[in-house]
Structures are given as C-alpha cells and as structure tokens.
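K.L.:
Throw the hints in and build the complete structure from the sequences for me.
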Amino acid sequence: MARYITALCGALVLVTAMVARPSAQAQTAQAVLQAVAQAQGTNTLKCVTYNGAGYVGMVGQAYDIRDDWPRVELANYSRTLNFEEKSSREERVIRQGSYPPRGGGGIPIQGEQRVVEFVVDRAAWTLQGANTMPVPAPAAAEMRQLDMWLNPHGFVKAAMAPGANPVLITRWESGALGGLSSVPMRRLRIISFTALGKYRVNGTINEQNLVERVQTWVPNPVRGDMNYEGEFSQWRDVSGIKFPGNFHHHQDWDDETQPPNYSGGHNRITFTVKDVMVNQCAATPVPEAARTATVPPVRVETTKMGDGVYYLTGGSHHSMAVEFRDFTALIEAPQDERRTLAVIEAVYKVIPNKPIRYVVNSHNHFDHLGGIRTAFHEGATIVTHHSNREFYKQEVLTYAARTLEPDRLSLYPPTEFAEGYQLETVDMRGTISDGTRNLDVYYVQGSPHAEGMLMAYLPKEKILVEADVYTPPAPDAQMPATPPPAALNLYNNVMNYKLDVATIAGLHGRAVPWSDFLRFVGKTGTN
Numbered sequence: 371m372a373r374y375i376t377a378l379c380g381a382l383v384l385v386t387a388m389v390a391r392p393s394a395q396a397q398t399a400q401a402v403l404q405a406v407a408q409a410q411g412t413n414t415l416k417c418v419t420y421n422g423a424g425y426v427g428m429v430g431q432a433y434d435i436r437d438d439w440p441r442v443e444l445a446n447y448s449r450t451l452n453f454e455e456k457s458s459r460e461e462r463v464i465r466q467g468s469y470p471p472r473g474g475g476g477i478p479i480q481g482e483q484r485v486v487e488f489v490v491d492r493a494a495w496t497l498q499g500a501n502t503m504p505v506p507a508p509a510a511a512e513m514r515q516l517d518m519w520l521n522p523h524g525f526v527k528a529a530m531a532p533g534a535n536p537v538l539i540t541r542w543e544s545g546a547l548g549g550l551s552s553v554p555m556r557r558l559r560i561i562s563f564t565a566l567g568k569y570r571v572n573g574t575i576n577e578q579n580l581v582e583r584v585q586t587w588v589p590n591p592v593r594g595d596m597n598y599e600g601e602f603s604q605w606r607d608v609s610g611i612k613f614p615g616n617f618h619h620h621q622d623w624d625d626e627t628q629p630p631n632y633s634g635g636h637n638r639i640t641f642t643v644k645d646v647m648v649n650q651c652a653a654t655p656v657p658e659a660a661r662t663a664t665v666p667p668v669r670v671e672t673t674k675m676g677d678g679v680y681y682l683t684g685g686s687h688h689s690m691a692v693e694f695r696d697f698t699a700l701i702e703a704p705q706d707e708r709r710t711l712a713v714i715e716a717v718y719k720v721i722p723n724k725p726i727r728y729v730v731n732s733h734n735h736f737d738h739l740g741g742i743r744t745a746f747h748e749g750a751t752i753v754t755h756h757s758n759r760e761f762y763k764q765e766v767l768t769y770a771a772r773t774l775e776p777d778r779l780s781l782y783p784p785t786e787f788a789e790g791y792q793l794e795t796v797d798m799r800g801t802i803s804d805g806t807r808n809l810d811v812y813y814v815q816g817s818p819h820a821e822g823m824l825m826a827y828l829p830k831e832k833i834l835v836e837a838d839v840y841t842p843p844a845p846d847a848q849m850p851a852t853p854p855p856a857a858l859n860l861y862n863n864v865m866n867y868k869l870d871v872a873t874i875a876g877l878h879g880r881a882v883p884w885s886d887f888l889r890f891v892g893k894t895g896t897n
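Residues 371 to 897 (this note's numbering) make up the sequence shown, in order.
Don't take every hint at face value.
[To be verified] Here are the simulated DSS-like pairs of lysine-lysine, each with C-alpha atoms no more than 30 Å apart in a straight line:
#1 Lys832 to Lys674
#2 Lys719 to Lys832
#3 Lys674 to Lys719
#4 Lys456 to Lys674
#5 Lys568 to Lys724
#6 Lys456 to Lys416
#7 Lys568 to Lys719
#8 Lys644 to Lys416
#9 Lys416 to Lys568
Treat the hints as calculated values from the structure; they're not laboratory data.
P.N.:
Shown next, in the form of structure tokens:
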C-alpha cells in the first residue's frame, strides 16, 4: 500500500506540473491592459465619485489577537478620485451599529464620527467631524497616493503609465480553501508593476477583462511588509463605464484555514456602492498648510514622578521608565521605531549607564506594540500576557527581511534568540524587582478593550500605569452620564487586587490623582 501511495503521489505531481506549465503567452502585458481598458471604459474615465455603506474593520485593534479586526458600521462612504489631478477625497461616517463593542480603535463609538481624508499629489490633509480647519497629514501622503491607484480603473491607468514596465503572468485559481472546491478552476492573468518606485502591485484580470483583485504590500511596524488588497464584484454600467458595485478589502492575509495563524485580523473595509457619478471633475484646492507641511520630529518630554520614575510624554502615546539598581524597566514601546528610539534616547539621558532590561507591553494593539521590535533589538526582554506569546514570538519578534521600511531588528539582528531573553509572560501577576524596588504587573481581567491587557503598579509611589481605558477629560469637562465599561472594569480590577493608588498615569493624556478617576467612573472616596 505504501508503494502504491508513493506512485500515486508522483503521478499527481507530474500531472499538476503538466497542467500548471504555462503555454507560450499569446498576449503581452500591454495588450491585456488595452483590452481591460476597453472593457472597463478606463480610457474615457477622468474622475469618478461613488458612495455606499457597509462596515469598517479597525486594523490592529482586535480584542483577541486571533480575532478579525473589530468592526463598526460604515453609515456612509463617499470617495472622489480624479486621476488626472492625482487626487482623492475619501469620507467615512462610522457608528457602532449592531457590532459588539469589543476591541480598540475608539470602540465603542459614541454617536457618529466623520472623517474626510484628502490627497493631491504629495499634499495630504484631514478634516475631523464638523471642524473645517484642515489638519496637515504629511506622513500619510504616500499611502493615500498609493491607495488611489488600488482600484480597477486606477490600477489600469497606473500600469499603463510611462515607466511602469508591467509584466504578465498567468495561473490557475479555484475557489475557497478548506477542502475540495466545487468552484471550477480558472486561468487568470496577473499584471504586475511597481508603483511610486517601491510598491509591487498585482492585478488579477478575469475572463471578462475586468480587474477583480488588486494586491500589494504596505509597511507596518508590527507586521513588516503587510498584505493590502481589494476585491471587486457586482459590476454595473454607468454612462459607458464599467464600475464595481461591491468593494471588499483586506489588510493582512485572509488565511484562517492555513494554521499556524496567530493573527486573525484581515477584513479592513467592505461596502456596497449606491451611486456612481463619472467625469464630473472639479479641481481640489490644496490648503497652504498642507502644501508646505513636513513630518515633524518626534518629541519626548520627561517628567519626574518620583525617585527614579520618569513619565515620557510629548506625543499621542506615552511611556514610563523605572530605575532599578543595575538596570531600567520601560513601560510601553509604542507606535513605531522612530518613537521608540526617541524614548530610548530620553531614558538614557535621565538614567545613564544602565541597560533597559525589560519592556512591559500593555496589550497587543498595534499602536502600543509597534516599538517592541526596536526595544528588543536594544536588548530588552519583552514582558507581556501569556496569550500574546505565540503571536509575538512567531510573527512579531522575527528576523525576517522587511523591504519597504526596514527596521533595526531586520537590518542588524542579534546573534540568537533565547526564550528568557526574548519574552517573559505574565498570567495573573508578575514582579520586576532588584530586591529593593518592585514594579508589579497585573492582568486586567475581563477588559472589553483587549484580551491579555496588563497594567503596571509602583507600590512605593502608589502609581498605576494603564493604557487606553482611561484618558482624563479636560478639567472643566462634564463627567459621563454612564461610565465607559472599560474604565469600570479597570476600577474593579484595582479593587480586586487591593491596590492603594494615589496617581493614575495613562499612556494617553496626562497623569492625574486617583480621585479624578473615581469621579469619572462615578465612585466616591478612595481605595
């Protein structure tokens, strides 16, 4: 029987190789693009405005690292693409809707939130809510410019542009994974070119000469070169232009059926198109502030909270450094390498000649996780909840090459991994100590914000450090009628652990007396 199976497997390999071997290509990439442009009406399309509704997935903000990105309702979506002007106006109105209020990214959404994102060539800016004052977004300009070409018509125009040098390959594709598929295999054509000088963009062309998928990779501090793709279906005719009626986008791979898969997040945005308007173009005026904006330098401000305790602020995400006899512990390495390098530099200024031996990571949301590779490269052991272990070890703290935005860990990897050097995990409670000072780390049980959330506590200074669940409002702001569930959960955890807190130092906002937090959650007295 074993001999028969071996022979059969060999036959399967031979047959597969014969089927998969492409014949001489009768078409060139340019010929395919011309056929697609004609079928879609791309050559006559100068600009398009479309709207619809669906859902948005909050990328990098999953409640559990194995979950998909948490969803909120996309009450209204509107986008205008002007291909001649190289401009995009993208408006989103989101609300919580019927989706469960678990995870990050501002969840639960209170009421409706509106954001409008613009890009014109290399200038980018944003409007928030009812505010008509444009906020320059120079750091987002390249990604917004790239994204405007990652749709069926934009893809064809970019692939046909001078210097794109598209190539054509073909392959067989079938239906969904997970077993023998009932969907017949199709021979599809893939057009590939490089956009903006560095992004490999692949477009899948179907039998009707329509672009049904556009895929590329984008840089991400946590995931490295991260899959970024859109799928397009339910095509319609609009004034002689073919346009998809459904947009479905992934960020990260849609690969749950291919274990091991430690991150379940992939669905970024899906919407059904309602109205489409073609070739009614108007120039987009660029605010002077956006035209001249540059990416600002990272700013770190250091505040001494006690003997050997430093609060590192100056941006949207904070850290805290704690000095021990022979080493330093850092609470949080957020955002990305630029931020974390600046934090490390600030730590060494106030605590010189001592290595950063530990970095306590509050939770697995990407904005709080984006700097741990940099801290790890510096020599720190990452302290996190045990539920994050496999994801961090197998997919975050790796030496894999990063082609779009290389970081120190990928460019200059340490000699070797060692379990104790790379990660230390916490179940319910852990302590970093030198025998004289303790930094206690606690699991925040039952948090609706993230599974595996940790908070840190300095018993001598009575300082509690937490992330995301409480950002102090303005001093004269009205307290919420109903305290947020995540803040109440934090209060209950502090009570259950019997912590004596005098100051709460959030990793957003500012440090305030514990009594301010008690008022926020509708409690009285002290603990």
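K.L.:
Hints first: check each against the structure and report whether it holds.
P.N.:
Checked hints:
| no. | hint | in the structure |
| --- | --- | --- |
| 1 | Lys832 to Lys674 | holds (14 Å) |
| 2 | Lys719 to Lys832 | holds (25 Å) |
| 3 | Lys674 to Lys719 | holds (13 Å) |
| 4 | Lys456 to Lys674 | violated (48 Å) |
| 5 | Lys568 to Lys724 | violated (40 Å) |
| 6 | Lys456 to Lys416 | holds (10 Å) |
| 7 | Lys568 to Lys719 | violated (37 Å) |
| 8 | Lys644 to Lys416 | holds (20 Å) |
| 9 | Lys416 to Lys568 | holds (25 Å) |
Hints 4, 5 and 7 from the earlier list are contradicted by this structure; the remaining hints agree with it.
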